[in-house]
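Novice: Based on the sequences and whatever the hints tell you, model everything.
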Amino acid sequence: MSLAVDDLRVYYRTLKGDVKALDGVSFTVADGEIMGLAGESGCGKTTLGKSLIRLEGRMKHMGGTVSLEGESLPIGDDRAMAKYRFKRVSIVPQYAMSALSPTRRVGRLIADLLESRGAGFDEMRPELVRRLSLVGLSEEVLERYPIELSGGMKQRVVMVLSTLLDPALLIADELTSALDVSTQKAVAELLVEFRDRGFVKSTIVITHDLSILYQMADTILVMYAGKLVEKAPADAIVESPKHPYTQLLLASLPESGVRYEEERLTGIPGRPPSLLSPPTGCRFRDRCPLALERCAEEPPFVELEPGRHVACWRAA
Amino acid sequence: MTRYLARKFVLYLTTFFLAVTINWAIPRLMPGDPVQGLIARLRADSTASQQLEGYFTKSFGLDRPLWQQYLDFWRGLLHGDLGLSITYVGTSVSDLIWAAVPYSLALLVPAIVLSYIAGNRVGALAARRKVLDNTALPIAYILTATPYMWLAIMLAYVLAFKWGLFPVSGAYDFSLQPEWSWAFVESFLAHWFLPFLSLFLVSFGGWAIGMRNLIIYELEADYANYMQSLGAPQGLVRRYAYRNAVLPQLSGLALALGAIVGGALVTEIVFSYPGLGTLIITALQNRDYFLLQGLFLFIVIGVLVANFLVDIAYVIVDPRTRTGIQGS
Amino acid sequence: MTTTEHAIEALDPQRGVTTPVATPPRRRNETLYFALRNRKLLIGLGVVLAFLVLAIVGPWLTDAEPFEFGFPTGEPPSRAHWLGTTASGQDVFAQFVYGLRSSFVVGALGGCVAALIGMAVGFAAGYRGGVVDELLSMLTNVVLVIPTLAVLIIVAAYLTVRGLVAEALLIGLTSWPWAARAIRAQTFSLASRDFVSLARLSGSRGWQVIVREIAPNMSSYLFLTFILLFGGAILTAATLDFLGLGPSNTMSLGLMMNTAVISSALQLGMWWWFVPPGLGITAIVGGLYVMNVGLDEVFNPKLRRT
Chain H
1 MSLAVDDLRV
11 YYRTLKGDVK
21 ALDGVSFTVA
31 DGEIMGLAGE
41 SGCGKTTLGK
51 SLIRLEGRMK
61 HMGGTVSLEG
71 ESLPIGDDRA
81 MAKYRFKRVS
91 IVPQYAMSAL
101 SPTRRVGRLI
111 ADLLESRGAG
121 FDEMRPELVR
131 RLSLVGLSEE
141 VLERYPIELS
151 GGMKQRVVMV
161 LSTLLDPALL
171 IADELTSALD
181 VSTQKAVAEL
191 LVEFRDRGFV
201 KSTIVITHDL
211 SILYQMADTI
221 LVMYAGKLVE
231 KAPADAIVES
241 PKHPYTQLLL
251 ASLPESGVRY
261 EEERLTGIPG
271 RPPSLLSPPT
281 GCRFRDRCPL
291 ALERCAEEPP
301 FVELEPGRHV
311 ACWRAA
Chain G
1001 MTRYLARKFV
1011 LYLTTFFLAV
1021 TINWAIPRLM
1031 PGDPVQGLIA
1041 RLRADSTASQ
1051 QLEGYFTKSF
1061 GLDRPLWQQY
1071 LDFWRGLLHG
1081 DLGLSITYVG
1091 TSVSDLIWAA
1101 VPYSLALLVP
1111 AIVLSYIAGN
1121 RVGALAARRK
1131 VLDNTALPIA
1141 YILTATPYMW
1151 LAIMLAYVLA
1161 FKWGLFPVSG
1171 AYDFSLQPEW
1181 SWAFVESFLA
1191 HWFLPFLSLF
1201 LVSFGGWAIG
1211 MRNLIIYELE
1221 ADYANYMQSL
1231 GAPQGLVRRY
1241 AYRNAVLPQL
1251 SGLALALGAI
1261 VGGALVTEIV
1271 FSYPGLGTLI
1281 ITALQNRDYF
1291 LLQGLFLFIV
1301 IGVLVANFLV
1311 DIAYVIVDPR
1321 TRTGIQGS
Chain X
2001 MTTTEHAIEA
2011 LDPQRGVTTP
2021 VATPPRRRNE
2031 TLYFALRNRK
2041 LLIGLGVVLA
2051 FLVLAIVGPW
2061 LTDAEPFEFG
2071 FPTGEPPSRA
2081 HWLGTTASGQ
2091 DVFAQFVYGL
2101 RSSFVVGALG
2111 GCVAALIGMA
2121 VGFAAGYRGG
2131 VVDELLSMLT
2141 NVVLVIPTLA
2151 VLIIVAAYLT
2161 VRGLVAEALL
2171 IGLTSWPWAA
2181 RAIRAQTFSL
2191 ASRDFVSLAR
2201 LSGSRGWQVI
2211 VREIAPNMSS
2221 YLFLTFILLF
2231 GGAILTAATL
2241 DFLGLGPSNT
2251 MSLGLMMNTA
2261 VISSALQLGM
2271 WWWFVPPGLG
2281 ITAIVGGLYV
2291 MNVGLDEVFN
2301 PKLRRT
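Residue numbers (our numbering), protein chains in the order written: chain H, 1 to 316; chain G, 1001 to 1328; chain X, 2001 to 2306.
The hints are simulated quantities; they were obtained by calculation from the structure and are not laboratory data.
Worth double-checking, as some hints may not be accurate.
What the hints assert, rightly or not - Calculated pairs, EDC-like style, for lysine to aspartate or glutamate (alpha carbon to alpha carbon, straight line, at most 16 Å): (1) H:60 with H:71; (2) H:83 with H:71; (3) X:2040 with G:1133; (4) H:87 with H:71; (5) H:16 with X:2030; (6) H:185 with H:174.
As the list claims (entries may be wrong) - Part of the chain H face toward chain G, derived, beta carbon under 8 Å: (7) 53; (8) 54; (9) 77; (10) 86; (11) 93; (12) 98; (13) 100; (14) 112; (15) 113; (16) 116; (17) 117; (18) 145; (19) 147.
Please read these numbers as outputs of a predicted model, since none were measured by experiment.
Just so it is clear, CB atoms sit at the ideal spot from N, CA and C, and this is done for glycine as well.
Specialist: Here you go:
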């Protein structure tokens, strides 16, 4: 078991109270597994991703544990986490295209970062160049300033840099949101290739786009309003989703090749609950067409079959 | 890079043209006859006033058509001829200005450079040490809100008059002559210190506040976030933030030059320091229009040149301008 | 633009628009809530208001006129003359409070003029873009680069009649460029937003879009800019007055310092004459700057460092 998360709670401290962005999530990611983390905006997936590497701003670790390769990660302690960052846990952030300082040459930035983490730049350089060419970038990129590179090039540089020290866990946060479809595919393929070549052990891919996960992820974990809803192998989730939310999510995706003259695109009616004071019981209750009386009691995230977890009274 | 600098150069050239034209046009646009106004202020008697009228009309070139006056003005300008002073009869305006310039530069250059460097350092420090931030910042705000001449007055009063630590007027002791002797240099520095300190302190406040705010902003930028996510030590992140913060500060330097020059002028007046400031006051008191015009042009050219120098520095520091994409 | 205006602007540079779309009533109360609890805002506002009250009420507290002679010369503060008298026998307190009035008038008027011009130029350049933007930017840059004081000296020297309003106008006409640049940048980011496109599609004309959609969303930014212009105008006016280029018939704080220096008040140790005017300006302008920082924190949630 590469990554094990147990009852993790991360809240945002605000003047109005605590926003319970992550309210008790537990799951595991195996060695070599690419897990997709999906859900609508505000469901907590980005919070989950960030909390595994660096709590920022008003995020507060309120409970639960995280362990990576058997070792407990001190995610609540910024100083203590520093030694795990980049080497054991790494991230390709959402803002990858602006993640490089504009006043430093790319090579210099990488050198500074490596040296500051105790990895010699000269020793790593051949491997760096090899990986750059793997993603289609020439060594010359190192001499350039970020402004001279295209958005896609910058993102690829960041992908290479983030994985340079072969982390056990890579978090890819909304990697494809700002890209066109063909580039999305290329980036997705790169992530898979990184895993295949052993640059990273486990990957968590955070996105709201289920279709891209279907193409690249081994398993998909769906979140809603700070809680886990369903986790299953990618094919299983797409072909036979068990949770009503997942079913509706998939149903609202437009089908390619179909023309919507007669019908309208349906979304899911209603809005997610406020995380400041979330409702008791199943959080999807108000919007769920299949809600029961029993749903007033929160359904546990149980394993129905090996590898399939759902949090729903109906499905269980 | 050349495109960026060329654009700036065109800007300065245009500004220069505009400034010269304003300079030329204003006496002619003001209500009333400038010559009569001059004579009335000089309160000459009737025979003298007739002669003066002839002199002034000729020197203003008012007897010639406007466009020719304009060209004459330019011609004179390009020859370095800014006319003759009314106050110091017979002395050319350019001579007077050049005599005063070294003193003003001796104040301005160290004050600008040192306040900029010191202000940036302190501002950067304040951005990360809460204790320093809480003490230095209010002081910086007070300093920057202080009018230049008032700080000069207070320094003069406390340090010079009351405690007698420094002399109060002139650039050097009356008994000495400008020369490369130890006595002169010592006297010069003693007289120079207070006006310099006054200029330095007020400007320092502004830079410190600016840098502090910029660093705070930069530390929340995406690249800083990324570096921290990859476990980079705070020192490294701060260095990167500083490097990025310098850019807008440098632009700010160019913008602030005009204000600091103004500050230097009034500071000099308080200390009767024989720079351009005192010259301006003399010109104003004596309605010495030629001297005023010359001073105006000189100050404008000086500021434009300084701006251009800052632009060059900016190009060196900001890689974005060098690759042909517009800087800030 | 002074170093301070640049400095304070650095807190909210033209890099991203942070103001939200039209605020519903609940949000507005939230702003008030934060406003009343922000120490910097309260202190700064308090200082400025205190001096404003003094400026308004002061002249009623004294019988003396600012230019009135006849009092004993060079007297330190006493019960008869709260701030003493000048070397030529004028009441310093009277001069001080009337001078405060001038400062506020010049600051407000000069600030207004500069703000209006800055808005006109900034909105037009930011909204229209293209050739209009190029021309206006050129104009802005030229006026920006010219050292303000030099121009003001030249113009003021030639003017025969100088009143407070004229001085304020002059200051306003020369200090708008940095405001125009800042407003232009903000307008650029706002103009590409959806609600503007929506307004345009529904037929609103240029200036209508600016007045109804863009300006209200920048209202906090505009207000902050105005405060900085206000403070800057007071400082510039003080400098002009100190050079003797201010209004000749109105008392001003700069004029007080001018006369004091000329009359050797420093040598004679008449601190009550030259300390109050400068102190007053420092306090008012400082108060405005601190207010500005506090307001920025109130309007901009990201800056609240709790």
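Novice: Could you run down the list of hints and mark each one as holding or not?
Specialist: Consistency of the hints with the structure:
Distance check on the hinted pair: residue 60 of chain H and residue 71 of chain H sit about 21 Å apart at the alpha-carbon level, beyond 16 Å; violated. With a C-alpha separation of about 13 Å, the suggested pair residue 83 of chain H and residue 71 of chain H falls inside the 16 Å cut-off, and the hint holds. With a C-alpha separation of about 14 Å, the suggested pairing of residue 2040 of chain X with residue 1133 of chain G holds against the 16 Å cut-off. Restraint check for residue 87 of chain H and residue 71 of chain H: satisfied, since their Cα atoms lie roughly 14 Å apart, inside the 16 Å limit.
A hinted pair counts as satisfied when its Cα atoms are at most 16 Å apart, and residue 16 of chain H with residue 2030 of chain X qualifies at roughly 11 Å. Distance restraint check for residue 185 of chain H and residue 174 of chain H: the Cα-Cα separation of roughly 13 Å lies within the 16 Å cut-off, and the hinted pair is therefore satisfied. Residue-level restraint check for residue 53 of chain H holds (minimum Cβ-Cβ distance to chain G is 6 Å; threshold 8 Å). The beta carbon of residue 54 of chain H comes within 5 Å of a beta carbon in chain G, closer than 8 Å, and the hint placing it at the interface holds.
Taking 8 Å as the C-beta cut-off, the interface hint given for residue 77 of chain H is violated, the closest approach to chain G being about 13 Å. At about 4 Å, the closest approach between the beta carbon of residue 86 of chain H and any beta carbon in chain G falls short of 8 Å, and the interface hint on this residue holds. Using the Cβ-Cβ criterion of 8 Å, the hint placing residue 93 of chain H at the interface with chain G is satisfied: the shortest such distance is roughly 6 Å. Hint status for residue 98 of chain H: holds, given a least beta-carbon distance of 4 Å to chain G, under 8 Å.
Proximity of residue 100 of chain H to chain G holds as hinted, the smallest CB-CB distance being about 6 Å (cut-off 8 Å). Because the closest C-beta pair between residue 112 of chain H and chain G is about 6 Å apart, less than 8 Å, the hint holds. With a cut of 8 Å, the hint placing residue 113 of chain H at the interface with chain G holds, because the nearest CB-to-CB distance is about 6 Å. For residue 116 of chain H, the interface hint holds, since its Cβ comes within 8 Å of a Cβ in chain G; the closest pair sits about 5 Å apart.
For the restraint placing residue 117 of chain H at the interface with chain G, the shortest Cβ-Cβ distance is roughly 6 Å, inside the 8 Å limit, so the hint holds. The beta carbon of residue 145 of chain H comes within 4 Å of a beta carbon in chain G, closer than 8 Å, and the hint placing it at the interface holds. Satisfaction of the interface hint for residue 147 of chain H is found here, the shortest Cβ-Cβ separation to chain G being roughly 5 Å, below the 8 Å cut-off.
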